[in-house]
Amino acid sequence: MNYSKVVTDAENGVSLKEWTLDPREIGDASGNWSVRKKTLSGGRQEGTEVIDVDNGHVDNGLLRFCVVPSRGFNVWEAHVGNIRLGWDSPVREIVHPQFINLGDRGGLGWLGGFGEFVSRCGLESMGAPCLDGDTSLGLHGRINYLPASFVEIHFESSPAPRLILRASIDETMMFGPQLRLLAEICTEIGRPEITFNDSITNLGDSAQEFQTLYHINFGPPLLGNGSQFIAPIKNLAPRDKRAAQGIDSWNLYTGPHAPGYTEQVYLMELWDDEQDQTEALLKSPDGQVGVSVSYSTKELPYFTLWKNEAPLRNGYVTGLEPATSYPCPRLFERSAGRLPTLSPGESYRSRVVIRPWQNADELEAAEARIKNLQREAANIQRTPML
Amino acid sequence: MNYSKVVTDAENGVSLKEWTLDPREIGDASGNWSVRKKTLSGGRQEGTEVIDVDNGHVDNGLLRFCVVPSRGFNVWEAHVGNIRLGWDSPVREIVHPQFINLGDRGGLGWLGGFGEFVSRCGLESMGAPCLDGDTSLGLHGRINYLPASFVEIHFESSPAPRLILRASIDETMMFGPQLRLLAEICTEIGRPEITFNDSITNLGDSAQEFQTLYHINFGPPLLGNGSQFIAPIKNLAPRDKRAAQGIDSWNLYTGPHAPGYTEQVYLMELWDDEQDQTEALLKSPDGQVGVSVSYSTKELPYFTLWKNEAPLRNGYVTGLEPATSYPCPRLFERSAGRLPTLSPGESYRSRVVIRPWQNADELEAAEARIKNLQREAANIQRTPML
Amino acid sequence: MNYSKVVTDAENGVSLKEWTLDPREIGDASGNWSVRKKTLSGGRQEGTEVIDVDNGHVDNGLLRFCVVPSRGFNVWEAHVGNIRLGWDSPVREIVHPQFINLGDRGGLGWLGGFGEFVSRCGLESMGAPCLDGDTSLGLHGRINYLPASFVEIHFESSPAPRLILRASIDETMMFGPQLRLLAEICTEIGRPEITFNDSITNLGDSAQEFQTLYHINFGPPLLGNGSQFIAPIKNLAPRDKRAAQGIDSWNLYTGPHAPGYTEQVYLMELWDDEQDQTEALLKSPDGQVGVSVSYSTKELPYFTLWKNEAPLRNGYVTGLEPATSYPCPRLFERSAGRLPTLSPGESYRSRVVIRPWQNADELEAAEARIKNLQREAANIQRTPML
Numbered sequence: 001m002n003y004s005k006v007v008t009d010a011e012n013g014v015s016l017k018e019w020t021l022d023p024r025e026i027g028d029a030s031g032n033w034s035v036r037k038k039t040l041s042g043g044r045q046e047g048t049e050v051i052d053v054d055n056g057h058v059d060n061g062l063l064r065f066c067v068v069p070s071r072g073f074n075v076w077e078a079h080v081g082n083i084r085l086g087w088d089s090p091v092r093e094i095v096h097p098q099f100i101n102l103g104d105r106g107g108l109g110w111l112g113g114f115g116e117f118v119s120r121c122g123l124e125s126m127g128a129p130c131l132d133g134d135t136s137l138g139l140h141g142r143i144n145y146l147p148a149s150f151v152e153i154h155f156e157s158s159p160a161p162r163l164i165l166r167a168s169i170d171e172t173m174m175f176g177p178q179l180r181l182l183a184e185i186c187t188e189i190g191r192p193e194i195t196f197n198d199s200i201t202n203l204g205d206s207a208q209e210f211q212t213l214y215h216i217n218f219g220p221p222l223l224g225n226g227s228q229f230i231a232p233i234k235n236l237a238p239r240d241k242r243a244a245q246g247i248d249s250w251n252l253y254t255g256p257h258a259p260g261y262t263e264q265v266y267l268m269e270l271w272d273d274e275q276d277q278t279e280a281l282l283k284s285p286d287g288q289v290g291v292s293v294s295y296s297t298k299e300l301p302y303f304t305l306w307k308n309e310a311p312l313r314n315g316y317v318t319g320l321e322p323a324t325s326y327p328c329p330r331l332f333e334r335s336a337g338r339l340p341t342l343s344p345g346e347s348y349r350s351r352v353v354i355r356p357w358q359n360a361d362e363l364e365a366a367e368a369r370i371k372n373l374q375r376e377a378a379n380i381q382r383t384p385m386l
Numbered sequence: 001m002n003y004s005k006v007v008t009d010a011e012n013g014v015s016l017k018e019w020t021l022d023p024r025e026i027g028d029a030s031g032n033w034s035v036r037k038k039t040l041s042g043g044r045q046e047g048t049e050v051i052d053v054d055n056g057h058v059d060n061g062l063l064r065f066c067v068v069p070s071r072g073f074n075v076w077e078a079h080v081g082n083i084r085l086g087w088d089s090p091v092r093e094i095v096h097p098q099f100i101n102l103g104d105r106g107g108l109g110w111l112g113g114f115g116e117f118v119s120r121c122g123l124e125s126m127g128a129p130c131l132d133g134d135t136s137l138g139l140h141g142r143i144n145y146l147p148a149s150f151v152e153i154h155f156e157s158s159p160a161p162r163l164i165l166r167a168s169i170d171e172t173m174m175f176g177p178q179l180r181l182l183a184e185i186c187t188e189i190g191r192p193e194i195t196f197n198d199s200i201t202n203l204g205d206s207a208q209e210f211q212t213l214y215h216i217n218f219g220p221p222l223l224g225n226g227s228q229f230i231a232p233i234k235n236l237a238p239r240d241k242r243a244a245q246g247i248d249s250w251n252l253y254t255g256p257h258a259p260g261y262t263e264q265v266y267l268m269e270l271w272d273d274e275q276d277q278t279e280a281l282l283k284s285p286d287g288q289v290g291v292s293v294s295y296s297t298k299e300l301p302y303f304t305l306w307k308n309e310a311p312l313r314n315g316y317v318t319g320l321e322p323a324t325s326y327p328c329p330r331l332f333e334r335s336a337g338r339l340p341t342l343s344p345g346e347s348y349r350s351r352v353v354i355r356p357w358q359n360a361d362e363l364e365a366a367e368a369r370i371k372n373l374q375r376e377a378a379n380i381q382r383t384p385m386l
Numbered sequence: 001m002n003y004s005k006v007v008t009d010a011e012n013g014v015s016l017k018e019w020t021l022d023p024r025e026i027g028d029a030s031g032n033w034s035v036r037k038k039t040l041s042g043g044r045q046e047g048t049e050v051i052d053v054d055n056g057h058v059d060n061g062l063l064r065f066c067v068v069p070s071r072g073f074n075v076w077e078a079h080v081g082n083i084r085l086g087w088d089s090p091v092r093e094i095v096h097p098q099f100i101n102l103g104d105r106g107g108l109g110w111l112g113g114f115g116e117f118v119s120r121c122g123l124e125s126m127g128a129p130c131l132d133g134d135t136s137l138g139l140h141g142r143i144n145y146l147p148a149s150f151v152e153i154h155f156e157s158s159p160a161p162r163l164i165l166r167a168s169i170d171e172t173m174m175f176g177p178q179l180r181l182l183a184e185i186c187t188e189i190g191r192p193e194i195t196f197n198d199s200i201t202n203l204g205d206s207a208q209e210f211q212t213l214y215h216i217n218f219g220p221p222l223l224g225n226g227s228q229f230i231a232p233i234k235n236l237a238p239r240d241k242r243a244a245q246g247i248d249s250w251n252l253y254t255g256p257h258a259p260g261y262t263e264q265v266y267l268m269e270l271w272d273d274e275q276d277q278t279e280a281l282l283k284s285p286d287g288q289v290g291v292s293v294s295y296s297t298k299e300l301p302y303f304t305l306w307k308n309e310a311p312l313r314n315g316y317v318t319g320l321e322p323a324t325s326y327p328c329p330r331l332f333e334r335s336a337g338r339l340p341t342l343s344p345g346e347s348y349r350s351r352v353v354i355r356p357w358q359n360a361d362e363l364e365a366a367e368a369r370i371k372n373l374q375r376e377a378a379n380i381q382r383t384p385m386l
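Protein chains in written order, with my numbering: chain A, 1 to 386; chain B, 1 to 386; chain C, 1 to 386.
Be aware that a few hints might be false.
Each pair may be met inside one copy or between any two copies, as identical chains are not told apart.
Under the rule of at most 35 Å between Cα atoms (straight-line distance), these lysine-lysine pairs were calculated in the DSBU-like manner [stated by the list, open to error]:
1. Lys241 x Lys38
2. Lys5 x Lys371
3. Lys298 x Lys5
4. Lys17 x Lys234
5. Lys5 x Lys17
6. Lys17 x Lys298
7. Lys371 x Lys241
8. Lys5 x Lys241
9. Lys241 x Lys17
10. Lys298 x Lys241
Just so you know, these hints were derived from the structure itself, not from any lab. Quick caveat, the model's predicted, so the values are computed rather than measured.
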């Protein structure tokens, strides 16, 4: 049995502000999952549309997450049992784009609403604000503040029952980018796993560069003093002098630290398997729970680890960030040959799976898989890339 | 019989989001026209108010057009029988101002929502982004992204039945412009013609400069390989080196062209008749249909032809643009003496008529009128103005 | 008897767009006051939420004022009997933040919606646009264009019946300010007086600088040729050369003046009483009515007098502005030691009372109080501070 509902379709005037789907309505008698679209009010979140997904709760619930059509179809927060996926940003509201000016503070306006678990950066550009030729580019691009023009909710009962949320978002302007993101977020009923299946299409008649990065952010309980990052490192370099200072313990977490601490960023390529798949793992301080981020190195060849072990209330967070390039200024990435191009009509696809581990056995298995991927010793560079 | 309805009045709290007027309601038994105001939803057009006007359809319809109160009372698109007036922009949604930042990309944010058939540029300034003294001016000014504070729909049964849409839009700020646009769009029932009757008033106590330009844009079917622009040229100059390259065939269209093509812009003054009226014509590739833009050279002394024969999906379009000056940087226009000033309380008026021609006879008559206006040979300058 | 109603609570999904409180509803049989929350529509005020307060009208009314939750909980306008508190700005609509870009015109975008009687400036910064290190700061900060996340209306019947409006507004971003304004506006039933009781709290884990200024603006009838400003001056300096020109009559008003006039700004410290309280007075041209602004010099040690005696329709206004510093560029204020800092969790409080005087007796009493505060002769500097 397949069910499908269009909840937003700008072209055809569909825009459901409040909508709920429950299993019984569509004849899935045994299901106890739910999907609920609603529109937030008050403060800077006035008008923000969100979709709350519960993929089948048992007592405290399995996987619950919140998708934001008004904000690039990002995922604001997720919970798996007692594990919170996400972090505590200084920004507590899901700020609507009407209150954001990406050009603020020299192109850092993107940070004015930054509080989500997973955001996509891009599409024309991502990374540090810069001047590329005579085009001024703001931090992390525009897609995370563009509203979806089309949103569809699917339920499929076989092979295994699952929910699929699809959105279409255009990043277009005259004499500018003409890129379309088809964003898909998928979860199997009762399974603690979120899969992103995204594509970016060149809508124009000229070849276009593009960039994308999955900004996947964790705070407590997964992040804490004693947390560890584990991945099959092929090459790694500190981004800058500040990161180079911490190179000897680049994958260990010791924070939160006192005021005055500044972020450390590590840029890396990972080993993969025969299907180009790789996996990166964050282990909680007590080593009992964790989360893996899995993806294809063909699709996302570069990985950035963002350590921001700031004081708790200043935005204590670490980011696991697979991407088409590093988040350095676009000009720098282009020179390094890390800037892909789409021909007219061509599409790029990427798939990212986020899978929390709720016990030590699962964690061990993940570590074993990563160890297995590590074909040769990691090449750790001590000098900054920038 | 006169009918009048205020659908928006910010001062008095009137704001009809959905509203329809049909002839029978107001006692025009024979009429088959309609006016429909609605509010768009979804994506970047969330909250955009539009007014769909049908001036009396016969089978496939006569004239239909869409006015956008949320966006400077511009005209998004029009259809006359099978002729589409407008073009295919990379921007497909009628983007709401909340998603536009005019300062983007060094003052090119205006292009983020540019997809309309007719937009007014101005009022404080229009043309290329520039620094004028210590005021930074963005492309084409602000009026095209300001919402109407007052909108009124009129129907008058005599002398000939016609629809008049009126709006009031303030471009004001403390220590800045204090200009009011009274925009009027008029169409006679059953007649394929749109008339703009606009005025700009200085609301302040000091003299103020102002600029206005009608950005009237055509793509297929009127634009194509073989299309021709015809007007009674008095003086003409290429804007820049790029335009100078094409000076020998400045009024002929050969596109769409391959990627890499860049726009060509020609700046001109036209001959007029004893009532200061002039006419500019765009002929379709097969010479069977066309469109005229008529106006007073007293009101709009300068005319710009924008040829953007880019690949189809990159924004293939030509603009016929009568204006108070050329769209060069304001400082340049001021030096050239092309910047008008309004005394306190003074109003400027402009009238522009857009008239499509649906057969070769009408076209020929238009050509003959233009030929008649051409009192002396055109003075075509080969060196760029800028 | 206490009554309390939450009308906006972003966190808990409360957002009443239309709501009215009248005395009978809550059992105050004798009361004839009212509180009405509504949402404006049309033009640039689309979506602006306002709260109209009438504190007990007798015939023409006692005190009526309009609070704007969408705009930093500012007070748009007030009336006491026949006296209007406020001014006639070129901006006539209560512009919604969605139409404002603070970065416009080199950081002067704040002026695009400036028309209110009382706005708070700050919180991260206020004053002239400037570059402070590599942070670009716009005029008067962001708080005046941030919507309240929480709004509560209180009525307390004793000791004297009064209305209290409370709001919470966060000025937060990642890697930026983490400041919360708790704004309180209080008025005793039947008493022509508005009291601001505000606090600013450091929500982060690092020490943070902050700035705040009450921009209290008056036009006619209190401002006119012959109006006078009276305060217990300790030190005074003209801001710049332009202000220095008028130093001999710095406290007298002779406008409105002809076009070409530019503003004059005077920076001062005032004497206070044993409780650190001080008072500044604006007298109407005929000396029959006036208004006092009272506050603590401990909380708000610096006072700015803004004379903008421009032509009537260009924004004829004077501002009485108690603040934590002068509205000079933040770097300049920091060097001068006028930039306070909040420790993590620390709150700053300020209280400002605005009290109109409706007859000559009340005015005389106010003048006498101010004279009494003037312990020593004023120290008037003739050379500009900047």
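Status of each hint after checking the structure:
When the C-alpha separation of Lys241 and Lys38 is checked against a cutoff of 35 Å, the pair qualifies neither within a copy, at 45 Å, nor between copies, at 54 Å. Taking CA atoms no more than 35 Å apart as the test, Lys5 paired with Lys371 passes in neither setting, with 43 Å inside one copy and 59 Å between copies. In this assembly of identical chains, Lys298 and Lys5 lie within 35 Å of each other by CA distance solely inside one copy; the values are 33 Å within and 57 Å between copies. Taking CA atoms no more than 35 Å apart as the test, Lys17 paired with Lys234 passes in neither setting, with 47 Å inside one copy and 56 Å between copies.
Proximity of Lys5 and Lys17 under a CA criterion of 35 Å is satisfied in both settings, with 14 Å inside one chain copy and 26 Å between copies. Neither within a single protomer nor between protomers do Lys17 and Lys298 lie at most 35 Å apart by alpha-carbon distance, with minima of 38 Å and 49 Å respectively. Taking CA atoms no more than 35 Å apart as the test, Lys371 paired with Lys241 passes inside one copy only; the shortest distance there is 29 Å, against 61 Å between copies. In this homomeric assembly, Lys5 and Lys241 never come within 35 Å of each other (Cα to Cα): the closest approach is 51 Å inside a single copy and 54 Å across copies.
In this assembly of identical chains, the alpha carbons of Lys241 and Lys17 never lie at most 35 Å apart, being 48 Å within a copy and 52 Å across copies at closest. In this homomeric assembly, Lys298 and Lys241 come within 35 Å of each other (Cα to Cα) only inside a single copy, at 29 Å, whereas the closest approach across copies is 44 Å.
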